[in-house]
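Visitor: So you can see what is in the structure, the chains are spelled out below.
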Amino acid sequence: MQSAARRAEFLAGARDTFPLLVGAFPFGIIFGALGVTSGLTPWAAAAMSAFVFAGSAQFIAVGLVAAGTPTLIIVLTTFVVNTRHLLYGATIAPHLSKLPARWLLPLGFWLTDESFVVVAKGFESRTVPENKRWYLLGSEVAMYSNWQVVTWVGIIAGQAIPNPRSWGLDFALVVTFIGMLIPMIKGRPTLAAVLVAGAAALLGNRLPHQTGLLIAALLGIAAGVTVESAWPEKTSQQKGRE
Amino acid sequence: MNEFLLISGMAAATMATRIPLLVLLSRRKLPEGISRALKYVAPAVLAAIILPIVLLPDGKLNVQINNASLLASLVAVVVSWRTRNLLLTILLGMAALLVWRALLPF
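As given, the protein sequences belong to chains A and B, one line each in that order. The first sequence begins at 990 in our numbering and counts up one residue at a time. The second sequence begins at -15 in our numbering and counts up one residue at a time.
Any given hint could be a false lead.
[Claimed, not checked] The calculated lysine-lysine pairs, modelled on DSBU-like cross-linking and capped at a C-alpha distance of 35 Å, are:
| # | chain 1 | residue 1 | chain 2 | residue 2 |
| --- | --- | --- | --- | --- |
| 1 | A | 1087 | B | 23 |
| 2 | A | 1175 | B | 23 |
| 3 | A | 1110 | A | 1175 |
| 4 | A | 1175 | A | 1087 |
| 5 | B | 44 | B | 23 |
| 6 | B | 44 | A | 1175 |
| 7 | B | 44 | A | 1087 |
| 8 | B | 23 | B | 13 |
| 9 | B | 13 | A | 1087 |
| 10 | A | 1087 | A | 1110 |
| 11 | A | 1110 | B | 23 |
| 12 | B | 13 | A | 1175 |
[Stated by the list, open to error] Chain B is faced by these chain A residues, among others (derived, beta-carbon under 10 Å):
| # | residue |
| --- | --- |
| 13 | 996 |
| 14 | 1047 |
| 15 | 1087 |
| 16 | 1171 |
These aren't lab readings, by the way, just hints derived from the structure by calculation. A virtual CB, placed ideally from N, CA and C, is assigned to each residue, including glycine.
Pulled out of the complex, with its shape left as it was, chain B reads as follows (with noise of 0.2 Å):
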């Protein structure tokens, strides 16, 4: 493995993704409907990251007790929705599952 060519690489790869219509779409005004459909980016994307990681690990469905991760992430949803505090949705979601893993036989 060469890892020089693996990181000039990968980082090409990744600018090539952060910077071109970065720099092409700071020149001109978008469409309006196109800048009403970017506010739902964020949340998209984060749900599609979260949601497999938590429903399917293994790559398998997995909603029972044993999932800590799943019970990990139940306490986030509602600590972030009842307090909006990220830091302490952080601190309690993973709180929640070291003593989750911990008490759990498996």
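Bound conformation, chain A alone (with noise of 0.2 Å):
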């Protein structure tokens, strides 16, 4: 492939993903602001945006060290919290067939839910495999850069905001999610999978270590599948032969 056409698909899911970075702004600020009044040193707060790079695990961290919480815990806590991303990884692994370690490591650790949601849409206009990839790539770059930038602004702004949670900033997130998640819903079995997977949330919300958010995804993903069985979703092709 030519590298104008890996740039510009590079440059397409960067592209994509700006207003994830604009929803990832204030999240950053405040987890750079947390993490050096939960105790943390400037620098773990940063190495923590760079070599983990998942922000609500980092949330939860966060909050687990300023509470005292064993080492131990904390990091089961972020692998239960992060389980939702093997889901990720077999969602997008047919995608990327046949790549070399050397792509699939980086692509697998700049993973996040955005760039997630970014390729799972940007790949349905993609055929060819090549795309895919620099797509995927140019999404995961941008994301990742802007944690670390961010990051680095809470951390720094840090010592001057009060009580940082208290700014309703963290909000952010769950706009953007909204924003991500409505364009999804194009039929019955998206429905009925959201509704499903968000009324399990609420009924498992107490269950530790948010391994009530797993169960309800898996209820969720049940109830598209059912539901797509009963009522197929018209498929162009289907329409075509209509």
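Need the complex rebuilt from these two chains, each delivered in its own frame; the hints are there to steer you.
Guide: Have a look at this one:
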């Protein structure tokens, strides 16, 4: 593939991720601010964004650090909170067939909620495997760079912000996710998946370490598949035959 | 607290969820049933993350007028549904939250 085409796909991935960078902005700043007020050194807060790179797990971790939780428990909690990424990896893998490890390892390390949602949509209109990997890389590099910068802004501003959680800026994550979710609801099966997962998450909210989230997601997926079998969504092919 | 251990442990735990299936499943074809089910991963996970934050602040159900997050979420849902514009949804959703908080006496 031509290097110009690669660059175009990389930039398209970054461009389609732009609104999510805006949404991650206040979230990252609060993480940096909370990190240093929870007892981490500024370097540790920055290293967490650089090497862990998992927003919601980082938030939970600094809360646990502030509460004096043992390291092993924080690590196990991180794993459980991130188990949803197993599903993302499984979903994206077929689009990255036969890539060497030097591609798969960084693409996996950088795979966040945001990039997953962007490429799940972006891959629909891309048929060439080469294009997909560069598109994903563009989205991931944009998310990663932005997260490093905003973490540092939060660390530096952290001392100046009294009680950063009370500002409501962490709510940016919720509106970002709403803006990603609503356009996905295109038919009954997706609507069923959303309603069942949402209801199950509310009921399972008391379960420890966000295990309720994973169970709710699995129930939502099951609901989507069940409804799809009962009322198949019309594909463009089927519409053409009618 | 040993920060080096904490961050290496968290990094390893996160990579253990992101990398293995990506590598394993990129080398074989998924059964048709599984790939059909994976279409619902993104909407199901997003719904499961959002709803408890909005409806259960502090772990208790709150569907009252003082729940600014709920009102702002409804604004975001309407904006997203009508415009499909993510950036606009984020900006108007956040604006609704800040305005509602400023207007409420609590």
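Visitor: What are the numbers of the hints that this structure violates, sorted from low to high?
Guide: 7, 13
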